[in-house]
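Q: Residues per chain are reported as follows:
Protein chains: 2
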Amino acid sequence: MVAHGSRAAAANQAHRELAAALDQVVAPSVVGAFMELAEPSVGDAIATAAREGATTVAVLPYFLHPGRHQELDIPRLVADAAELFPDVSIGLLEAFGSDPAVVELLAAQVSRGLPES
Amino acid sequence: MVAHGSRAAAANQAHRELAAALDQVVAPSVVGAFMELAEPSVGDAIATAAREGATTVAVLPYFLHPGRHQELDIPRLVADAAELFPDVSIGLLEAFGSDPAVVELLAAQVSRGLPES
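Those sequence lines, one after another, are chains B and C.
According to this note's numbering, the first sequence is numbered sequentially starting from 1364.
According to this note's numbering, the second sequence is numbered sequentially starting from 1364.
Simulated from the structure, these hints should not be mistaken for laboratory data.
These numbers come from a predicted model, not from an experiment.
No incorrect hints appear here.
Okay, the calculated bits of chain C under chain B, using three or more residues with CB under 8 angstroms as the criterion: (1) 1377–1388; (2) 1444–1458.
So the derived list for chain C, only partly shown, Cβ under 7 angstroms to chain B, looks like this: (3) 1369; (4) 1428; (5) 1464; (6) 1466; (7) 1473.
Where is the CB? At the ideal position from N, CA and C, for every residue including glycine.
With these hints in hand, go ahead and build the complete structure from the sequences.
A: Now the structure itself:
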């Protein structure tokens, strides 16, 4: 699960913790990785998975809105890794924020957060 | 609902569309606003709401991970607006990404996105 990466260590740590929480509730191993500014990089995370015997890696961009990072930078990182590890099937999932369920989650937040009128 | 704001017009437009989708499913009016780089600013969005007769405004930061923007920049924008509109009750909600339900949403994305093993 790839976050942008931040100069703020707390933000990077929050991403690692979110990945660990996700790892607890899904069957595949989940690792928090970063597009830039923090470690592990996407390439390093995929290399570790390959070394540990993974045959399939899915890359989930933890991004809210479309843009250069989602459309160019992350696909390029994934393509670079795919070239290095031809025996691993590496797929790029849709970005987190493109899920229509995000609207439902926001609706619940708004409902909880507003005083009753 | 405040996004960071982007130099990419498509990202800003996606935020406005997400706000419009949310507006359709919750009772309060929802407006997409931006911390920087796009319009309306947080202050402008609150000013418009006040002019239209709002007595309560809740500011929802559409951010994934904690950091300077969530902790300093957006609270400052909200405090500035609160000073300008003393008759409007202006609250700052928790950031979107701090919701534990985000893990469930990610888990569903991972389950959908992986080939069956």
